[in-house]
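Student: The primary structure of each chain is shown beneath.
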Amino acid sequence: MPAAGRTILKLSELPRRIAATVERVEDQMPNDAIARRLRELGFVRGERVEVMAAGPVAAEPLLVQIGFTRFALRRSEAARVRVITGNSAEVPA
Amino acid sequence: MSNASAIRLALVGNPNCGKTALFNLLTGSRQKVANYAGVTVERKEGRFHAPSGRHYALLDLPGAYSLHAASLDEAITRDLCRGFYPGEPAPDVIVCVVDATNLRLHLRFALEVRELGKPMVVAVNMMDAARRRGIEVDLAALERELGVPVVPTIAVRRDGARELVARLDAVAETLHEPRTHLGSGDGALEPEALHAETCRLLSLAVTMPRRTAEVDDALDRWLLHPVFGLLSLAIVMFLIFQAVYAWATPLMDLIDAGTATLGEWAATTLPQGPLNSLVVDGIIAGVGGVIVFLPQILILFAFILALEESGYLPRAAFLLDKLMASAGLSGRSFIPLLSSFACAIPGIMATRSIQDPRDRLATIIVAPLMTCSARLPVYALLIGAFIPQQKVGLFNLQGVVLFALYAAGIVSALAVAWVMKKWRRDKNEHALLLELPSYRLPHPRDLALGLWERAAIFLKRVGGIILALTVLLWVLLYFPNGGGDVTQSFAGQIGRAMTTVFSPIGFNWQICIALIPGLAAREVAVSSLATVYALSAADDAAAAQALTPLITHDWSLATALSLLVWYIYAPQCISTLATIKRETQSWKQVGMSAGYLFGLAYLASLITYQVAVVLGAG
Chain A
-14 MPAAGRTILK
-4 LSELPRRIAA
6 TVERVEDQMP
16 NDAIARRLRE
26 LGFVRGERVE
36 VMAAGPVAAE
46 PLLVQIGFTR
56 FALRRSEAAR
66 VRVITGNSAE
76 VPA
Chain B
8 MSNASAIRLA
18 LVGNPNCGKT
28 ALFNLLTGSR
38 QKVANYAGVT
48 VERKEGRFHA
58 PSGRHYALLD
68 LPGAYSLHAA
78 SLDEAITRDL
88 CRGFYPGEPA
98 PDVIVCVVDA
108 TNLRLHLRFA
118 LEVRELGKPM
128 VVAVNMMDAA
138 RRRGIEVDLA
148 ALERELGVPV
158 VPTIAVRRDG
168 ARELVARLDA
178 VAETLHEPRT
188 HLGSGDGALE
198 PEALHAETCR
208 LLSLAVTMPR
218 RTAEVDDALD
228 RWLLHPVFGL
238 LSLAIVMFLI
248 FQAVYAWATP
258 LMDLIDAGTA
268 TLGEWAATTL
278 PQGPLNSLVV
288 DGIIAGVGGV
298 IVFLPQILIL
308 FAFILALEES
318 GYLPRAAFLL
328 DKLMASAGLS
338 GRSFIPLLSS
348 FACAIPGIMA
358 TRSIQDPRDR
368 LATIIVAPLM
378 TCSARLPVYA
388 LLIGAFIPQQ
398 KVGLFNLQGV
408 VLFALYAAGI
418 VSALAVAWVM
428 KKWRRDKNEH
438 ALLLELPSYR
448 LPHPRDLALG
458 LWERAAIFLK
468 RVGGIILALT
478 VLLWVLLYFP
488 NGGGDVTQSF
498 AGQIGRAMTT
508 VFSPIGFNWQ
518 ICIALIPGLA
528 AREVAVSSLA
538 TVYALSAADD
548 AAAAQALTPL
558 ITHDWSLATA
568 LSLLVWYIYA
578 PQCISTLATI
588 KRETQSWKQV
598 GMSAGYLFGL
608 AYLASLITYQ
618 VAVVLGAG
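Same order as they appear, the protein sequences are chains A and B.
Note that my numbering numbers the first sequence so that position 84 is 69, with each residue one more than the last.
Each position in the second sequence, counted from 1, maps to that position plus 7 in my numbering.
Misleading hints may appear alongside valid ones.
Unchecked claim - Quick partial rundown of chain A residues pointing at chain B, CB under 7 Å, derived from the structure:
#, residue
1, 27
2, 40
3, 43
4, 52
5, 55
Simulated from the structure, these hints should not be mistaken for lab results.
As the structure is a prediction and not an experimental result, all values here were calculated from the model.
Beta carbons: idealized from backbone N, C-alpha and C, even for Gly.
All chains, full assembly: derive it from the sequences and hints.
Tutor: Right, here's the structure in full:
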């Protein structure tokens, strides 16, 4: 399939229950502790990620499945993660 | 290594890896809970004998996602593993616990620990749950690739750690031999490199039919649903409340009766005089008044522990995070605040689960605003005496007032947290990053040990600082006139002096005096009022009954309303302040909490009284 079906977006913008692949985690400041922790929790290039649900008020926080684990992330935290959707997103678990 | 000196083991692992269950399985009730020197992080140590006769001392380190510490807990784990923690000897062997159903996350941490280059055993826990989900873990391949012993464990089964102990014995044999270091020794691998290695191990050793457990998917769909999720949370909360208030009552009555009998026995056995009064009125009545809350605290903690073990608590935090964050708290503040409705002491103790120190402090500071059960006797007396039993629409006016008092506490807590956030101009992001672990059935052994720990902490506090303060209050009430007229005691003199300050909010000298012993525990104010009005009443209930006509005659409605409002805010509970001291290790925080609560109490009562007087209720 051509690369045209692929888009890079923030995890906070990813529609629910659409599988995507992590591209990178961006530091929002030098030595961003939250970005580092996200990488340590498995938000690393090539990992499959999916937004499973959102909290009841203002759709915050997000319930994110990464690897075999579920995390609650606030939108500001999820915005650090860039993901790719589209056909190439289907990587084996 | 001789058998006489115990081999020091450190148990490490990610949060939710079942580490504490394994610790409980290995050590049983032979554990000691304390704090690490100078900080409020819990330190749990236990001992056990292997069948080989070898002794082990096992330290349960705080759960960590990484040795690159992001919290106080993780920093302690990091320093202890490296042998840098002041006052703690370096561990001989590190036991790294990983959850077989969550290896993608947990193996990463095991690799990080291996980099430290210490003797180490990897315990692959929850092998039973993994098997049920069709997950296959090739332990031999893992052991070959990791280069350290890898053993399966099932922490919830009686002999689930037998193989682990056998391998520990084997490792202990070789401790004195020179070893080749596995890692670089500094434990500083980059996340990407660790991740790549984790993926390699997973592809070699683990087959997984699906990424998530079907049970988790199904439960989360309902329990995190915007409508059904909140509804189930409300039902859970209601159940807890019901249990804390209804189930605890018979036990509390029993303790009350026991205290009374003991008091009577001591009163008749000991010779008359100061000693008699100190033991009966001071120690037995004072300490008994606090111990009476033990059943409520245990029931509450049984629920909290069960919810924690089952994996529901992080879900509750998920549902409420946004609401609480906008007020300057966090989703994790929910359970401590809920507990505070029974009693602020366990509530403040429960803030240990809040990782962000700012969120934790904010939660501790506002916890006393939740209407605890000790306020109820005071509220009941005043509402019964001054609020007419009439219908307001569908509702009973008395009930509406009681509800308003509860609501005022909650709204004030949110407002105070919000002001604190603004005050500090805290622009730093508070991280949530909360793992929602798989649902599990709580194990009775873990619940029982957890409850025992809580009870021990509570009783130790009663034996220490609460006892000391009780004695101090007794001195104020007993001297200098040797237990005669209360109004002539030091407390009485202080009460009279207080009226200059308290007359603007409508308190007469009788109320002021009652406030002093009421510092020991809020509900004591009722029996103190009875004493001040020179009534002899057998117990609080009888005191309230006898008091009602007297205060209805003596006080204006404005005074009664003002006193009700005072009790929403005033930190009339030395035990709570002592708990704040213990949990924050700071007298400054205690001063701040007491200061703002008294300030708010005075201000709110002043407004209530003056407005009520203007409206003609004076």
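Student: So which of those numbered hints doesn't the model satisfy?
Tutor: none
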